[in-house]
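> Listed here are the chains, written in short residue letters.
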Amino acid sequence: MSKKEIVKKKYDMPLQDAAERAKSFTEVALGYDMETAVLEAERCLQCKKPFCIEGCPVNVPIPDFIKLILEQDFAQAASIIKEKNSLPAICGRVCPQESQCEKHCILGKKHEPVAIGRLERFVADWEMQNTPELKNPSIPVIDQKVAIIGSGPSGLTCAADLAKLGYKVTVFEALHTPGGVLVYGIPEFRLPKSIVAQEIDKIKELGVEIRVNSVVGQLWTIDELMQEEGFAAVYICTGAGLPYFMDIPGENLNGVYSANEFLTRVNLMKAYQFPKHLTPINVGERVAVIGGGNVAMDSARTALRLGVDNSYIIYRRSEKELPARLEEIEHAIEEGVEFKLLTSPIEILGDEEGRVTAIVCQNYELGEPDVSGRRTPIPIDNSTYTMEVDSVIMAIGQGPNPLIPASTPDLKVNKRGNILTNVAGLTSIPGVFAGGDVVSGAATVILAMGAGKKAAESIDEYLKGLRN
Amino acid sequence: MFKILRKEVLANKINLFDIKAPYIAKKAKPGQFVIVRTDDYGERIPLTIADFDREAGFITIILQEIGRSTYDMGKLEVGDFFLDVVGPLGKPSVIQKYGRAICIGGGVGVAPIYPITRALQAAGNHVISILGANSSATFFGEKMLKAVSDELYITTNDGTYGEKGLVTDVLKRIISNDDIDIVFAIGPLGMMEAVSKVTSLKRIKTVVSLNPIMLDGTGMCGACRVEVGNEKKFACVDGPEFDGHLVDWENAKQRARMFEKQEKVALTQSCNCHSKGEGCNV
Ligand SMILES: Cc1cc2nc3c(=O)[nH]c(=O)nc-3n(C[C@H](O)[C@H](O)[C@H](O)COP(=O)(O)OP(=O)(O)OC[C@H]3O[C@@H](n4cnc5c(N)ncnc54)[C@H](O)[C@@H]3O)c2cc1C
Ligand SMILES: Cc1cc2nc3c(=O)[nH]c(=O)nc-3n(C[C@H](O)[C@H](O)[C@H](O)COP(=O)(O)OP(=O)(O)OC[C@H]3O[C@@H](n4cnc5c(N)ncnc54)[C@H](O)[C@@H]3O)c2cc1C
Ligand code: SF4
Ligand code: SF4
Ligand code: FES
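Sequence lines, in order, name chains A and B.
Start counting the first sequence at 1; every next residue gets the next number (the numbering used here).
Start counting the second sequence at 469; every next residue gets the next number (the numbering used here).
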């Protein structure tokens, strides 16, 4: 490679104007055009020992696909990304790159790292718009059926990989639309649902059957799927969908939502188009969102788009500890979300009708770091104050849904209800594997996908064993 | 897509549908429910599985038109489809030989009480049914329930059919001179609350089926949370049946009003965007 001047900063991502977009559900980040993508690709040093790959949970061949962008062979770039990552248009948009691939990029030591996520998104979007001829590798048909429970990123990845190997794959999904958090949680303005639908269509083209409206544990037990329905292996990837509440007074008032309820109403049920879509939502003029992760940012920004006057984030640590993606925090601030940091609610107040009127908060300070290295928040005495709000959204975390463990006595779970597996993803029951948020606890899209990949390999090994 | 095989108008604004859903029919048990959606614009509406035929592969739902979504559903006819039907959801009723059981159905609650009554009788209980309605125009279910009960009482508020009065009037009379082992009550919140008050005096175990606002029905959203014995329960997965003596009724009634304003808007809007929108301006 010829020596060249290093461009110190990432090329800017074109964004919709902050004031405009805070009123609209259309996508915020608009994506690189071809020229910018090639310019950004030129920043990559094509390292012999690319640390970036180590930072990616599914080891996307980053320098290789970036080189193909330089050569303007976008179809090939897409193809080699897809060998490792079957949902690149989604990951390019929602991966926390700053703590994964880009964190390890060598350029990032002195300057800004290469914008790997944006390039990945560019390639994936290019492929969707230009749909190059599907190379139709003749897949050998294997006469064994695999059941996948949950159609989030983990299940979709596992399904795609197994289908490519020739297995007959059926995905069971409880809701009426597949995609998991990608459709019911992450909002349209961050991840357009048409992108998710296109990715899912491609997986269906591989021969995967997706059965919506199918709640495993209620309609079939795991045992019935294997004994009666003829599935030789099962992958459980039901996510971390059970919302936590704080157990403070006033949590059952009208106007208190779990983030899951709020986001599901707006995203999956399209309450933002009420009454054309019949599912209602009612948040009033002032919304307080409790929490500091992606879920909280999504809730606060969604509330803005429903037209509230004030959207507050209430978080008990400081800005540095906010667990959300950096980009989401920046976008939230630009759009007008107000941050009440080092603050936690202790009570929600209501009127005689039972509607939320205010939230009582207490100030916090940070103490010593705990085992995880994060500084523990400590309440400050006599620091309570009351804020008038019309609704409260709880975004303080989710646990695994107990439906499947409750109907599967032999399935071992830990104290928090997460399914226990070995390194290969195998649970305490032969032929039954698990992965994604239901095993790890609420994590990220790409980690859930990584677990799905791993499970597909393990299931293939296991089924090969049964065949011989 | 779930095809409507049969429709019957049971009373004013109360419709019965048999819906083809072989997998659900195979698994359904008394006390469980489904969530249905009419079309892409529709809400997810919870409805009790009022009956099921495992061989023929259909389930029966009985619904009362009270708001926009149930009104839309009421207009569906044989041969039409529900876009989505998911279930069976919730825990089944605990059916065993209790001895002497009273089953109370108020209003459209007569529908969900039916499969429970039938199962209790089949399990060898002596079953006394009490059915109540506002008036003869909204009353239904006599023949159905008669076939599975040992005794049957009917009340209407206005006295246009059966005894004039409330189901609790009959209940009080029965428990004052009969030893009852268990009461199942399904109907409007106020009725279930009143029943629970009456039975608590004599400490008769009372099971009620709560019908809070729901969304997913799988324990994912918490919209259906109710306070039972000072604990938060998700009615869709922990219920819908709970011990009536432990339910926080005031909170349940308050939460049912969550979307009152929006429900009115939905009901009165005249829209042409909706697939079956003609005449939705009721
Ligand atoms: C609002 C929000 C924003 C987020 N933002 C980001 C982000 O920006 N970047 C990022 O990397 N991560 C983000 N995450 C986290 C990420 O979405 C999850 O880690 C990931 O989706 C987990 O994938 P999964 O496949 O394990 O489970 P899920 O995506 O939760 O999918 C599980 C699926 O299983 C179904 N299911 C559950 N039980 C049953 C059953 N019994 N039978 C049948 N189906 C069942 C569920 O309906 C669901 O569709 C966010 C999460 C939320 C909630
Ligand atoms: C587990 C369960 C089982 C049910 N089984 C049946 C059944 O078998 N047959 C049947 O007809 N209905 C049943 N319901 C009630 C049914 O789901 C509601 O009637 C329906 O959701 C109302 O929708 P809507 O849009 O027509 O009315 P909305 O516009 O939502 O409501 C109109 C009016 O009814 C009140 N309301 C709203 N939801 C409910 C509710 N869940 N219960 C009582 N009042 C309510 C509102 O406050 C409002 O005043 C059940 C509910 C649950 C949770
Ligand atoms: S999948 Fe995520 S972590 Fe991996 S390279 Fe792409 S954006 Fe980075
Ligand atoms: S570490 Fe950075 S510069 Fe090196 S190959 Fe990876 S992306 Fe390119
Ligand atoms: S309806 Fe969502 S948790 Fe019960």
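The set of hints was computed from the structure by calculation and includes no laboratory data.
What you are looking at is a predicted structure, and each value in this text was computed from that prediction instead of being measured.
We put the CB at the ideal spot given by N, CA and C, even for glycine.
There may be inaccurate statements among the hints.
Said to hold, decoys possible - Derived CB-CB ranges, DEER-like:
{"hint": "1", "chain 1": "B", "residue 1": "E619", "chain 2": "A", "residue 2": "M246", "range": "47 to 55 Å"}
{"hint": "2", "chain 1": "A", "residue 1": "G230", "chain 2": "B", "residue 2": "G547", "range": "32 to 40 Å"}
{"hint": "3", "chain 1": "A", "residue 1": "G465", "chain 2": "B", "residue 2": "K471", "range": "25 to 33 Å"}
{"hint": "4", "chain 1": "B", "residue 1": "Y491", "chain 2": "A", "residue 2": "K204", "range": "18 to 26 Å"}
{"hint": "5", "chain 1": "B", "residue 1": "T736", "chain 2": "A", "residue 2": "L70", "range": "47 to 55 Å"}
{"hint": "6", "chain 1": "A", "residue 1": "E54", "chain 2": "B", "residue 2": "T736", "range": "57 to 65 Å"}
{"hint": "7", "chain 1": "A", "residue 1": "L70", "chain 2": "B", "residue 2": "V733", "range": "41 to 49 Å"}
{"hint": "8", "chain 1": "B", "residue 1": "A724", "chain 2": "A", "residue 2": "M246", "range": "47 to 55 Å"}
{"hint": "9", "chain 1": "A", "residue 1": "K415", "chain 2": "B", "residue 2": "R671", "range": "33 to 41 Å"}
{"hint": "10", "chain 1": "B", "residue 1": "K611", "chain 2": "A", "residue 2": "A197", "range": "57 to 65 Å"}
{"hint": "11", "chain 1": "B", "residue 1": "Q564", "chain 2": "A", "residue 2": "K23", "range": "56 to 64 Å"}
{"hint": "12", "chain 1": "A", "residue 1": "R375", "chain 2": "B", "residue 2": "K471", "range": "32 to 40 Å"}
{"hint": "13", "chain 1": "A", "residue 1": "M34", "chain 2": "B", "residue 2": "V733", "range": "20 to 28 Å"}
{"hint": "14", "chain 1": "A", "residue 1": "G465", "chain 2": "B", "residue 2": "K611", "range": "56 to 64 Å"}
> Hint by hint, note whether the structure agrees.
Verification of the hints:
Roughly 49 Å separates the CB atoms of B/E619 and A/M246, a value that falls within the hinted 47 to 55 Å. Taking 32 to 40 Å as the suggested C-beta distance range, the pair A/G230 and B/G547 conforms, at roughly 33 Å. Our hint of 25 to 33 Å for A/G465 and B/K471 is violated, since their Cβ atoms are close to 43 Å apart. At roughly 21 Å, the beta-carbon separation of B/Y491 and A/K204 lies within the given 18 to 26 Å, and the hint holds.
Hint check: B/T736 to A/L70, Cβ distance near 60 Å, so the stated range 47 to 55 Å is violated. The supplied range of 57 to 65 Å is met by A/E54 and B/T736, whose beta-carbon atoms lie about 60 Å from each other. Hint check: A/L70 to B/V733, Cβ distance near 55 Å, so the stated range 41 to 49 Å is violated. For B/A724 and A/M246, the Cβ-Cβ distance of about 23 Å falls outside the hinted range of 47 to 55 Å, so the restraint is violated.
For A/K415 paired with B/R671, a C-beta distance near 36 Å keeps the hint of 33 to 41 Å intact. Checked against the hint of 57 to 65 Å, the pair B/K611 and A/A197 fails, with Cβ atoms roughly 48 Å apart. Between B/Q564 and A/K23 the beta carbons are some 58 Å apart, a value that agrees with the proposed interval 56 to 64 Å. Look at A/R375 against B/K471: about 59 Å separates their beta carbons, and that is not inside 32 to 40 Å.
Distance hint check for A/M34 and B/V733: the Cβ-Cβ separation is about 46 Å, which falls outside the suggested range of 20 to 28 Å. The given range of 56 to 64 Å is respected by A/G465 and B/K611, whose C-beta atoms sit roughly 59 Å from each other.
Hint violations for this structure: numbers 3, 5, 7, 8, 10, 12, 13, all remaining hints satisfied.
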